[in-house]
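Protein sequence lines correspond, in order, to chains A and B. For the first sequence, counting from 1, position 99 maps to 103 in our numbering; every step adds exactly one. For the second sequence, counting from 1, position 176 maps to 1019 in our numbering; every step adds exactly one.
I should point out that these hints are in silico values taken from the structure, not numbers from a laboratory. Ideal Cβ placement from N, Cα and C applies to all residues, glycine included.
Chain A regions said to be covered by chain B (calculated; three or more residues, Cβ under 8 Å): (1) 73-87; (2) 155-163; (3) 222-229; (4) 234-241; (5) 244-252; (6) 322-328.
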Amino acid sequence: MRPAFSVLFLTTLIGAGQGLLIALVAGQLFLVVGTGDASLSGGFYAVGSLIALVLLALGLLASFFHLAHPMRAWRAATQWRTSWLSREVIALPALMGLAVLYGGLHALGWDGPLMHFANGKSLDLTMAVGFVTVIACLALFLCTGMIYACVKFIREWHSVWTVINYTMMGLASGFVLAAAYAASLGTVVTGLYVGTALVLIVLALVGRAISLWRNARIKPLATLRGAIGAPHQNIRQVTQGFNGKSFNTKEFFHGKSPETVRMLTTFFLASGFAAPFALVALGMGSAALLWLAFLVQYVGLLAERWVFFAQGNHVQNLYYQRKG
Amino acid sequence: MANEKQLALVIDLNVCVGCHACVTSCKEWNTSGWAGPLPDQDAYGKDPDGVFFNRVQTFECGTFPDTETVHFPKSCLHCEDPPCVPVCPTGASYKRESDGIVLVDYDKCIGCKYCSWNCPYGAREFDEITGVMKKCTLCVDRIYDETLPPDRRKPACVLACPPGARLFGDIKDPTSEASKAIRDNGGYQLMPEAGTSPANHYLPRRKTQSVVHEDQLQRADNPLSREAEPPKFGGPTIDDASQW
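Just chain A, with the same shape it has in the complex:
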C-alpha cells in the first residue's frame, strides 16, 4: 500500500496523545492509592492534558488532509454501526472533549469526592473523569487499529497484532512524553513514568517483532488461479490492459525498492525502540534526554508506520503485475 503521510501523522500523533492521557491518569491513580502524602498540583494535569489535546488536534488536522472533501467530514460519523472508520471519527472528538474536561476540572480545582472508601481514600471527580478518559483512549486505540485489522484483503494487516501494536506503540510514546514532561517539572511521578516507559517500549518491540516475523512468512489470500478463475497451475499476466497509470497502480503500490523498506525497517527498530530505550534508561530523570528520547522515538514511529503501509500487500495487486 502507498503510505499516506496524513495517516502516518494522524496515527502517530493521536497515539502519543492517548498514551500521555493514560499516563496522566495513571500518575494520579498512583498518587491516590499510594501511602505517601505526595500529590501534584492541578496545573500539572491541566498542562499535561493540554499537550495531549494539542497532539490529538494535530492528528485530527492531519486526517483532514487525507480527505478529498473535508467539508463533508461530518457525514463520516453516521455509519458507526458498521464502519470502524466511522467509529474512530466519533471516538477522536469524544476523547478530545474528555481531555478538555479532565484538564479543565484539574485547572479549576473542581475536585470534590464522589464516594468514600473504608480505608479513608475517596474517589474524586477528576479521578472518575480520568477513568472515563482512559476508557475512551483505549476505545480510540481499538478503533484505529481495527480500521486496518479488519481489511481482510491485506493479509499483513488482518491480524490482532495490528490492534495490539497500535496500542502498545501509542502507549510507549505517550509514557516517554509523560516522563519528559514530568522530569521537566521535577515531579514525583517521573520515576513511575520512566519505569513504565521502559517496560512499554520492550513490550511494543516484542509485538512489532512478532508482526514483522508474521509478515515475512505470510501466505497470500488468493492466487491468479482464483483471481481469473482459469484452471491452470501456471498463469502470468501479459498486460494489465493499459500502459499509463491508474488509481489501482498508485494507491496499492508504494513504488519504493525492497531495499528501502528493509532499510527503513532497520531504522525504525533502532530509532523507534532501541534508541529511546537507551536514552530513557541512561538518562534517568534528565529532562533534556527524555525530550530527545521522545523526538527520536516519534521519528522512528513515523518510519514504523511507513513500513506498516509499505508491507501491506493488497489482493488486488494480482491484477496489476505487468503493463505489457
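Given the coordinates of chain A, work out where chain B should sit on it, guided by the hints.
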C-alpha cells in the same frame, strides 16, 4: 443481504477476443452520463492517467507450448455481500435493494478511499479531479431509460461487444438469459475465497474440438461425380421417352 433481483453481467471468456470495445464504449457512455465524468490526466503526454470502470486484461496460461491466452474483462462485480459497502463511513457506498446494483452517492463521498481497500478485485477507481470514488454502475442510467428501445436498455459494454461475449440480466431469475448461461456453461465467480459472492459471473474457456476420421477425408461415394458412367437400366427410361 439477499436481493430478490440481482442484475449482473455474465462474461464468456471463451468468446472474448480482447478488443477493448467494452472499455471504450463504457468510458464514452459513462463519462458524459449520470456517473461521469471519468477524467483523464495527461492523456496525450508521457504519463497518462485516467478513470475507467472497465478494464480488459490479458493472461497467458499453461506452459509453452501448451499455452492459451485468456482475455479477461474486469469491472465491478456487484457482489451480493459487498465488503466495500459496510466500511464506508458516510454511507455514500450502497447496494440497491431493488436490483442489487452497488453504487456511490457522489454527494456523500468524502474521498477517504477506504472502500477501495476493502475490494479484493480493484474494481473502484478514485477520481482525483472531483475527489470522489467511482465505479461501474451497470449503466443504471441506460437500463431503465424508457426513451430507449427495449433492446437497447442494456449496459454500454454489452451493446458494444462485437462477438457478444457479454450477457446482461437478472441472475436471480432462473429463466433469464444470464441465469441460463451460468447454469448451462459452468459459470463461475471470481476469487470465491474472498467470500464476497460476486453477482457477475464468468463462463470458462472451452476446448472446441471436432474429430475427423481418416475415411471422412476420402470420398467413397459422390452422387455429384460426373466421372463415372451413369447407371444403365434395361428398358427405356423417362428421359428416353421424352427425347423425341
